[in-house]
Amino acid sequence: KQEVTQIPAALSVPEGENLVLNCSFTDSAIYNLQWFRQDPGKGLTSLLLIQSSQREQTSGRLNASLDKSSGRSTLYIAASQPGDSATYLCAVLDTGRRALTFGSGTRLQVQP
Amino acid sequence: SAVISQKPSRDICQRGTSLTIQCQVDSQVTMMFWYRQQPGQSLTLIATANQGSEATYESGFVIDKFPISRPNLTFSTLTVSNMSPEDSSIYLCSAGDRRSSGELFFGEGSRLTVL
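In order, the protein sequences belong to chains A and B. According to our numbering, the first sequence holds residues -3 to 108 in order. According to our numbering, the second sequence holds residues 1412 to 1526 in order.
No lab work stands behind these hints: they were computed from the structure. Incorrect hints may appear among the rest.
Unchecked claim - In silico lysine-lysine, DSS-like type, Cα no more than 25 Å apart, as pairs: (1) A:Lys64 <-> A:Lys(-3); (2) A:Lys38 <-> B:Lys1418; (3) A:Lys(-3) <-> B:Lys1476; (4) B:Lys1418 <-> B:Lys1476.
Said to hold, decoys possible - Partner residues aside, some chain B positions facing chain A, computed with beta carbon under 8 Å: (5) Phe1444; (6) Gly1463; (7) Glu1465; (8) Leu1515; (9) Phe1516; (10) Phe1517; (11) Gly1518; (12) Gly1520; (13) Leu1523; (14) Thr1524.
Claimed, not checked - Estimated spans, in silico, between C-beta atoms of each pair: (15) B:Leu1526 <-> A:Thr1: 19 to 25 Å; (16) A:Gln77 <-> B:Pro1450: 23 to 29 Å; (17) A:Arg68 <-> B:Gly1427: 45 to 51 Å.
Keep in mind it's a predicted model, so treat the numbers as computed, not measured. All C-beta atoms, glycine included, are put in the ideal place defined by N, C-alpha and C.
With the rest of the complex left out, here is chain B:
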């Protein structure tokens, strides 16, 4: 299994600011993803973080709003830019390895509140 650490665990942000969330995995993984979970909702995939190249975004999510980096096989960041109250959500990092079972693991999430 993979252990995933996310920072920050929670934050309160002002409208119009940006926040970067970090995701660290304790082993090299082939797959890393970022999900959003709005209050009372299930998880929605934001993007696939690709190592060494631009992330692959899902419909409704754009790079200008959610820039993602993945410099290596164990680390990724998600930035939520120009935040508004509608961005208040839990953001979750997920990782797994297709070379093994393909099982995906999740971090504890980063709970953002935008005022």
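With the rest of the complex left out, here is chain A:
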């Protein structure tokens, strides 16, 4: 059974810092990996999608990498802003299960 772990569980940084969120998964037979953002009381917004054959994806200040063989992904946020404050969720889509398995999330707070 796929298990997804995210470290750290919470992070507080001053505005302007570059930061890295970590995600690990136990079964490397994945179809893709997605990073989501969730604001309090809201649904999920898809940030980046990395296919199993890809190494990284970039969108603006966000960069996500994938090392499938080691079961790891990182989300890099450059020049953090208070508006980046949210919970960031990593999820993998298994080739067999056809459904996303989520990590427990990293709660990020960017101090102005």
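Given chain A, work out where chain B should sit, using these hints.
Same frame as chain A, but now just chain B:
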């Protein structure tokens, strides 16, 4: 991308009653799922909604408690039956298309409070 609309966005329900949540996608999708997010927790998959056939439930979730319909490629419903306070959660619909990138999108969720 797919835009997903859920109704209701929130509701307060009495113990023992049932509530049906609707999920509408703005395009045809091959995959639809229902997730639950309990307070302070991450998302747990309830079931895969299969078009024209019975849903596929995850361990710990049963059809009698969470009946699901998916009559076509753009619409699904989840019913939470005989509710108890432990069912107070956010219920989220997710959809995507394996014929394209396989990226999954989520609705805004339905926040249920059971008294």
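Structure-based check of each hint:
Proposed proximity of Lys64 of chain A and Lys(-3) of chain A is supported: the alpha carbons are some 16 Å apart, at most 25 Å. Among the hinted pairs, Lys38 of chain A with Lys1418 of chain B is consistent with the structure: their alpha-carbon atoms are about 14 Å apart, no more than 25 Å. A threshold of 25 Å between alpha carbons decides the hint, and for Lys(-3) of chain A with Lys1476 of chain B the separation of about 24 Å falls inside it, so the pair holds. For the given pair, Lys1418 of chain B sits about 19 Å from Lys1476 of chain B by alpha-carbon distance, which is consistent with the 25 Å threshold.
Nearest Cβ of chain A to the Cβ of Phe1444 of chain B: about 5 Å, under the 8 Å cut. The hint holds. A least Cβ separation of about 17 Å between Gly1463 of chain B and chain A goes past the 8 Å threshold, and the interface hint is therefore violated. With a least beta-carbon distance of about 16 Å to chain A, the hint placing Glu1465 of chain B at the interface is violated under the 8 Å criterion. Below 8 Å, beta-carbon pairs count as interface contacts, and Leu1515 of chain B has one with chain A at about 6 Å; its hint therefore holds.
Hint status for Phe1516 of chain B: holds, given a least beta-carbon distance of 6 Å to chain A, under 8 Å. Look at Phe1517 of chain B: its Cβ gets to within about 4 Å of chain A, closer than 8 Å, so that hint holds up. Residue-level restraint check for Gly1518 of chain B holds (minimum Cβ-Cβ distance to chain A is 6 Å; threshold 8 Å). Against a cut-off of 8 Å between C-beta atoms, the interface hint on Gly1520 of chain B holds, since the closest Cβ of chain A lies about 5 Å away.
For Leu1523 of chain B, the interface hint is violated, since its Cβ never comes within 8 Å of a Cβ in chain A; the closest pair sits about 13 Å apart. Look at Thr1524 of chain B: its Cβ only gets to about 12 Å from chain A, farther than 8 Å, so that hint breaks. Here the CB-CB span from Leu1526 of chain B to Thr1 of chain A is close to 35 Å, at odds with the stated 19 to 25 Å. Taken as a hint, the range 23 to 29 Å holds for the pair Gln77 of chain A and Pro1450 of chain B, whose Cβ atoms sit roughly 27 Å apart.
Distance hint check: the CB atoms of Arg68 of chain A and Gly1427 of chain B are about 46 Å apart, consistent with the given range 45 to 51 Å.
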